[in-house]
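Q: Heads up, the final residue of the sequence shown is numbered 86 in my numbering, and it's a clean run with no missing numbers.
No false leads were slipped in.
Label pairs and their in silico Cβ distance ranges:
hint, residue 1, residue 2, range
1, 68, 24, 26 to 34 Å
2, 64, 31, 22 to 30 Å
3, 73, 51, 36 to 44 Å
4, 8, 29, 35 to 43 Å
Everything labelled a hint here was simulated from the structure, so no lab data went into it. Ideal placement from N, C-alpha and C gives every residue a C-beta, glycine not left out.
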Amino acid sequence: MQNGMYTIAVKRDFIAQHFLIGGAWGPENEKHSHHYQVEVQLEGAALDEHGYLMDIVDIEAKLDTLIAVQVSSQTGTPAIPVSNQE
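Take the sequences, apply the hints, and build the full model.
A: Laid out in structure tokens, this is it:
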């Protein structure tokens, strides 16, 4: 606890694919991948009756949904979690 506040964080690594259109950008015009990391930190002054700031499972599920929706809507392809890469 820092400054009387509690903090919880969730981090995700994923790969998103895309390609550029409208110009001659060489390899960028072909479908290719980028690695991204996103971290969400939530802070609050009080814990609930169970001693939690928030349910981490809920935070993880909402973050995973947000990533999937954003990546899919921007690129037309799903995000690939790094933990599932071989």
